[in-house]
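Peer 1: So the chains spell out like this:
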Amino acid sequence: MKVNKHIDDFIRKEKEELVNPYLATRVLAKLEKNNETVVFETVAPIWKKLAVVVSFALVIAVGFGLGSMVKGDKEYISININDAQLENLNLYTMIDYDE
Amino acid sequence: MSEGQLIEKILSDDKEAFRLLMERYQQQVFRVAIGFVHSRQDAEDITQEVFIRVYRSLSSFKEKSLFSTWLYRITLNTSINYINKNKRRNLLTNAGNSLMSLLNKSNEERDAHQQLEAIEVKKSIQKAIDGLPEKQRKAFILSKYEELSQQEVAEIMQTSEGAVEQLLVRANKSLQKKLAYLVGK
Numbered sequence: 001m002k003v004n005k006h007i008d009d010f011i012r013k014e015k016e017e018l019v020n021p022y023l024a025t026r027v028l029a030k031l032e033k034n035n036e037t038v039v040f041e042t043v044a045p046i047w048k049k050l051a052v053v054v055s056f057a058l059v060i061a062v063g064f065g066l067g068s069m070v071k072g073d074k075e076y077i078s079i080n081i082n083d084a085q086l087e088n089l090n091l092y093t094m095i096d097y098d099e
Numbered sequence: 100m101s102e103g104q105l106i107e108k109i110l111s112d113d114k115e116a117f118r119l120l121m122e123r124y125q126q127q128v129f130r131v132a133i134g135f136v137h138s139r140q141d142a143e144d145i146t147q148e149v150f151i152r153v154y155r156s157l158s159s160f161k162e163k164s165l166f167s168t169w170l171y172r173i174t175l176n177t178s179i180n181y182i183n184k185n186k187r188r189n190l191l192t193n194a195g196n197s198l199m200s201l202l203n204k205s206n207e208e209r210d211a212h213q214q215l216e217a218i219e220v221k222k223s224i225q226k227a228i229d230g231l232p233e234k235q236r237k238a239f240i241l242s243k244y245e246e247l248s249q250q251e252v253a254e255i256m257q258t259s260e261g262a263v264e265q266l267l268v269r270a271n272k273s274l275q276k277k278l279a280y281l282v283g284k
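Sequence order for the protein chains is A and B.
The working numbering numbers the first residue of the first sequence as 1 and each following residue consecutively.
The working numbering numbers the first residue of the second sequence as 100 and each following residue consecutively.
This is chain A alone, in the form it adopts within the complex (with noise of 0.2 Å):
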């Protein structure tokens, strides 16, 4: 219990502080100097996530287009896909024992 009476006594003494009654006039002051006023963020972000999109969709329609527009002689190379030419296939149809 005497460790709440000495916690309570030290939050009574830092709630009596009163504030700076011209803080409101600093505020005020620093938001005249930087010239602000309330940002409507409400209509930027669509604006911003459309505009993301739309850059999206740019780049991926240059790069077909680009990628289409490339022509020229190609050269093939042949790949061997006939598996009976690439192994001997005797070695597993037991051949050797019918003989």
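In case anyone wonders, no lab produced these hints; they're calculated from the structure.
Just so you know, not all the hints are guaranteed correct.
Unchecked claim - Taking lysine-lysine and the DSSO-like style, the derived pairs with C-alpha atoms no more than 30 Å apart in a straight line are:
#: 1; chain 1: A; residue 1: K48; chain 2: B; residue 2: K222
#: 2; chain 1: B; residue 1: K276; chain 2: A; residue 2: K5
#: 3; chain 1: A; residue 1: K49; chain 2: B; residue 2: K226
#: 4; chain 1: A; residue 1: K5; chain 2: B; residue 2: K221
#: 5; chain 1: A; residue 1: K48; chain 2: B; residue 2: K114
#: 6; chain 1: A; residue 1: K49; chain 2: B; residue 2: K161
#: 7; chain 1: A; residue 1: K15; chain 2: B; residue 2: K276
#: 8; chain 1: B; residue 1: K163; chain 2: A; residue 2: K2
#: 9; chain 1: B; residue 1: K222; chain 2: A; residue 2: K30
#: 10; chain 1: A; residue 1: K2; chain 2: B; residue 2: K184
#: 11; chain 1: B; residue 1: K114; chain 2: A; residue 2: K33
#: 12; chain 1: B; residue 1: K186; chain 2: A; residue 2: K15
#: 13; chain 1: B; residue 1: K186; chain 2: B; residue 2: K277
#: 14; chain 1: A; residue 1: K2; chain 2: B; residue 2: K108
#: 15; chain 1: B; residue 1: K222; chain 2: B; residue 2: K163
#: 16; chain 1: A; residue 1: K2; chain 2: B; residue 2: K226
#: 17; chain 1: B; residue 1: K163; chain 2: A; residue 2: K5
#: 18; chain 1: A; residue 1: K30; chain 2: B; residue 2: K184
#: 19; chain 1: B; residue 1: K163; chain 2: B; residue 2: K234
#: 20; chain 1: B; residue 1: K276; chain 2: B; residue 2: K161
#: 21; chain 1: A; residue 1: K33; chain 2: B; residue 2: K221
#: 22; chain 1: B; residue 1: K108; chain 2: A; residue 2: K30
#: 23; chain 1: A; residue 1: K15; chain 2: B; residue 2: K184
#: 24; chain 1: A; residue 1: K15; chain 2: B; residue 2: K226
#: 25; chain 1: B; residue 1: K226; chain 2: A; residue 2: K13
#: 26; chain 1: A; residue 1: K5; chain 2: B; residue 2: K272
#: 27; chain 1: B; residue 1: K234; chain 2: A; residue 2: K2
#: 28; chain 1: A; residue 1: K33; chain 2: B; residue 2: K272
#: 29; chain 1: B; residue 1: K161; chain 2: A; residue 2: K33
#: 30; chain 1: A; residue 1: K13; chain 2: B; residue 2: K272
#: 31; chain 1: A; residue 1: K15; chain 2: B; residue 2: K272
#: 32; chain 1: A; residue 1: K13; chain 2: B; residue 2: K184
#: 33; chain 1: A; residue 1: K2; chain 2: B; residue 2: K114
#: 34; chain 1: B; residue 1: K277; chain 2: A; residue 2: K5
#: 35; chain 1: A; residue 1: K30; chain 2: B; residue 2: K186
#: 36; chain 1: B; residue 1: K234; chain 2: A; residue 2: K15
#: 37; chain 1: B; residue 1: K276; chain 2: A; residue 2: K13
#: 38; chain 1: A; residue 1: K13; chain 2: B; residue 2: K277
#: 39; chain 1: B; residue 1: K222; chain 2: A; residue 2: K13
#: 40; chain 1: B; residue 1: K114; chain 2: A; residue 2: K15
Mind docking chain B on chain A? Use the hints.
Peer 2: Just chain B now, kept in the frame of chain A:
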């Protein structure tokens, strides 16, 4: 003039309406701030910063909660940011204060001794409150400095009443434990 009318006027760039709003709420912002920083100067800096933030973001206040709830949230965040930003400076100040109290200890007058003891008690309580985890500290300050109900604290901290109750119980236990040695004083 109601809060809604004031806000409407501020949004149409009426600076005098903003002055009225500040005068209405500055003491409660200052009280919460002093609960965090325990210094008049720092609490005034925080109060000033809070109202500048309020002015800049008032248009985003959707009136889903009370204006005071929104203001308390800004105050809590600004105070925590301020403390984190000034941690190094506070360490130096505390070191300076400790040195001063050591030097003062050479004074053997009874009054000075009692005064010193009172300062020590004050510093211990301050340190114990500052040492609470962030959420417990927020709940403790809102409850003790602003005498808000658990429901109001829960709304400001965007949590349940049960959680606030737990935070307050833990904060009190922690303070009792840290300050147990004061019982003999």
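Peer 1: Now, for every hint given, state plainly whether the structure supports it.
Peer 2: Okay, the hints, checked on the actual structure:
{"no.": "1", "hint": "A:K48 - B:K222", "result": "49 Å, violated"}
{"no.": "2", "hint": "B:K276 - A:K5", "result": "15 Å, holds"}
{"no.": "3", "hint": "A:K49 - B:K226", "result": "46 Å, violated"}
{"no.": "4", "hint": "A:K5 - B:K221", "result": "12 Å, holds"}
{"no.": "5", "hint": "A:K48 - B:K114", "result": "28 Å, holds"}
{"no.": "6", "hint": "A:K49 - B:K161", "result": "20 Å, holds"}
{"no.": "7", "hint": "A:K15 - B:K276", "result": "24 Å, holds"}
{"no.": "8", "hint": "B:K163 - A:K2", "result": "42 Å, violated"}
{"no.": "9", "hint": "B:K222 - A:K30", "result": "34 Å, violated"}
{"no.": "10", "hint": "A:K2 - B:K184", "result": "34 Å, violated"}
{"no.": "11", "hint": "B:K114 - A:K33", "result": "13 Å, holds"}
{"no.": "12", "hint": "B:K186 - A:K15", "result": "23 Å, holds"}
{"no.": "13", "hint": "B:K186 - B:K277", "result": "22 Å, holds"}
{"no.": "14", "hint": "A:K2 - B:K108", "result": "50 Å, violated"}
{"no.": "15", "hint": "B:K222 - B:K163", "result": "40 Å, violated"}
{"no.": "16", "hint": "A:K2 - B:K226", "result": "18 Å, holds"}
{"no.": "17", "hint": "B:K163 - A:K5", "result": "38 Å, violated"}
{"no.": "18", "hint": "A:K30 - B:K184", "result": "21 Å, holds"}
{"no.": "19", "hint": "B:K163 - B:K234", "result": "23 Å, holds"}
{"no.": "20", "hint": "B:K276 - B:K161", "result": "42 Å, violated"}
{"no.": "21", "hint": "A:K33 - B:K221", "result": "39 Å, violated"}
{"no.": "22", "hint": "B:K108 - A:K30", "result": "19 Å, holds"}
{"no.": "23", "hint": "A:K15 - B:K184", "result": "24 Å, holds"}
{"no.": "24", "hint": "A:K15 - B:K226", "result": "17 Å, holds"}
{"no.": "25", "hint": "B:K226 - A:K13", "result": "16 Å, holds"}
{"no.": "26", "hint": "A:K5 - B:K272", "result": "15 Å, holds"}
{"no.": "27", "hint": "B:K234 - A:K2", "result": "25 Å, holds"}
{"no.": "28", "hint": "A:K33 - B:K272", "result": "47 Å, violated"}
{"no.": "29", "hint": "B:K161 - A:K33", "result": "28 Å, holds"}
{"no.": "30", "hint": "A:K13 - B:K272", "result": "22 Å, holds"}
{"no.": "31", "hint": "A:K15 - B:K272", "result": "23 Å, holds"}
{"no.": "32", "hint": "A:K13 - B:K184", "result": "26 Å, holds"}
{"no.": "33", "hint": "A:K2 - B:K114", "result": "48 Å, violated"}
{"no.": "34", "hint": "B:K277 - A:K5", "result": "15 Å, holds"}
{"no.": "35", "hint": "A:K30 - B:K186", "result": "25 Å, holds"}
{"no.": "36", "hint": "B:K234 - A:K15", "result": "21 Å, holds"}
{"no.": "37", "hint": "B:K276 - A:K13", "result": "22 Å, holds"}
{"no.": "38", "hint": "A:K13 - B:K277", "result": "21 Å, holds"}
{"no.": "39", "hint": "B:K222 - A:K13", "result": "13 Å, holds"}
{"no.": "40", "hint": "B:K114 - A:K15", "result": "29 Å, holds"}
In summary, the numbered hints that this structure violates are 1, 3, 8, 9, 10, 14, 15, 17, 20, 21, 28, 33.
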